[in-house]
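Those protein sequences? They're chains A and B, same order as listed. Mapped onto my numbering, the consecutive letters of the first sequence carry residue numbers 1 to 263. Mapped onto my numbering, the consecutive letters of the second sequence carry residue numbers 1 to 429.
For the record, the hints were derived by calculation from the structure and aren't laboratory data. Where a beta carbon is used, it is the ideal one built from N, C-alpha and C, also for glycine.
Here are a few chain A residues that face chain B, going by a calculated C-beta distance under 10 Å:
| # | residue |
| --- | --- |
| 1 | R11 |
| 2 | L100 |
| 3 | L103 |
| 4 | P106 |
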Amino acid sequence: MGHLRSIWAYRGFILGSAKREFQVRYRNSLLGAAWTVLNPLAMILVYTLIFSQVMRARLPAAGGQFAYSIYLCAGILTWSLFAEIVGRAQNVFLEHANLLKKLNFPRSCLPVLVVVNASINFAIAFGLFTVFLVVTGNFPGWCYFAVVPVLLLQIAFAIGLGVALGTLNVFFRDVGQFFTIVLQFWFWLTPIVYSPSILPEAIRPWVDLNPMARLTAAHQDILLAGTLPDWLSLWPVAVLDLVLLAAGFLLFRRHSGALVDEL
Amino acid sequence: MTSSVTLANVGKVYRMYATRWARLAEWLVPFGKPRHEPKWVLRGVDCTIAAGEAVGIVGVNGAGKSTLLKIIAGTTQPSEGVARVEGRVAALLELGIGFHPEFTGRQNVLMAGQLLGLSTDTVRAAMPAIEQFADIGDYVDQPVRIYSSGMQMRLAFSVATAVQPDVLIVDEALAVGDAAFQRKCFRRIEEFRAGGTTLLFVSHDTESVKKLCDRAIYLHQGTVAALGPAKSVCDLYERSIFGGGAVSGAAAAATPAAPALDPSLSADCEVSYGDQRATIEAIWLEDERGNSANLFGSQDTIAVRYRVRFNAAVSGVVFAFLIKTREGIAVFGTDSAALPGRSQHDFAAAEVVEVRFAMKNNFAPGTYYVNCGVRDDSGETPVFPHRRVDALVFRVRSDPATAAKVGLVNSPTVFEIQPCTTSSPSAPR
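Bound-form chain A, shown alone (with noise of 0.2 Å):
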């Protein structure tokens, strides 16, 4: 609890962080803010026309002319989230190393600064998804809320694996150099560009063993189909979450100590 309540205290200095960070990206920038939305908005079409159009990329099951690219999209702007908060989270200590050595501050605010921009971010690039599926008139109705829960478990799942990462990354550097590879595979080991259907049926149990890959599943379920996702196979990643949160908050709060030390 004295974690959460330092983390309130500072959280002047976690909302500036994520605003400088912010503004720092795009100073000097003619067109400032306007490429945070140019920049997914891009992606989008890229993916739709060059998948979609270009490549006549057809999901095996479901019909539709952006059928592919709402799926495309479902997968790979959460993947990003994941991909930036563990990303992030494992340089975290390293990239601050001037503040924490000569700064007395609670250390994990780093982590939920690192969570706020990557939060923001992906806010910004969903938005704009959002938009696309309005106004190309694939909105699934109520059960998009549902996304919220599964952001959830899956911001959980990345920060317990993130910390922990980072803690082990100021001890051994060879941890972030390796994990860099690691999402790289683990990347196209999730269907996120092809669907898990085109898989042989030998693998695809194996596939279910991957928490991205079941939550990757919920994000397109949501999407595109317009269902409720499954949320009994969301259940394993849950305990998941909890045990890698455990996991990296005590690896973190045992080395902390020795962690600036080592900087």
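Following the hints, put chain B in place on chain A, whose structure we already have.
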């Protein structure tokens, strides 16, 4: 009086691993033997600092001063023992952390203040005072990247000290801006002191420690070598750094009966140069009876003596010496050409002479360094056949006849007071 900082058997150890794999092995092998070399940088520090007290920390580089400060500031955890600090700590260990060059001074102040644990409202309320103290005018609304380093320091110091802390940690190594602003900073520290802030002050300058602090801790190789009144601890520290010898408990005795030669007082930072035509073979100091000495009372005779061997024939020779403070301020210097009396000017090769400058000790109590030189004034510009810089150290102790309270010079002073009659004709109006 309540305690403000309590250190109980505080120690800090760093782990030195022989290879990078050793740490991995240590993490992975359960119940395995430790695979690291412990390196203690601080051990067994016990100290209780009362609220409102000012404590100096002295010690050579690497003695553990910074580590101790970091432990008190809370940025690093002690490996053993307990460090407890009551109230808000402001540590001026490094200024300008959290400043981003692209943002204006005002934005950075807000950010840095929040990083120091102040609420947004507190920082906003303190903003006018911060601006006023930093005194950088309209620059406060300009991006920090166009600031001079001095301006950045001013602003950073202003934020760091915007709100009176319960414990203030100051590393004097951080030089803050110009002399005027430094004075302002010290005044603010003094104000905090008056307001009841506990002060921890690290400095190499023992004079400032003596001035600012009630007590001092002398750290030597990670352990407390001395803890006590600032003056005696600083004296002990000075003695040991100039002597380079072991630290003993006995402070430099300044009784008249004590020998005037402190063997621990020696300069180990001598610089020597010259064109080799002469060699200053030995330099020493004597008292008026001709005994070797390096500890002098006020108005004692100090004789600077040195022996010169000429390696070649030199003409136009002038013998010189200079007394400097540790900061390098020249206090007094003269040479044989400036003094009345006869001096030899021309020397043959292999000739050896001894010179003696006897002067009255008018130096204020403190530590002084001696330069000696053999100068050749025969050419258009003087050249040094040999010059030895900081070759000797001597100390002037204070005794009942010492008049100087501050400054470098001890000028014998007579004080008088008499009742003033308004009719006194000589009184200035």
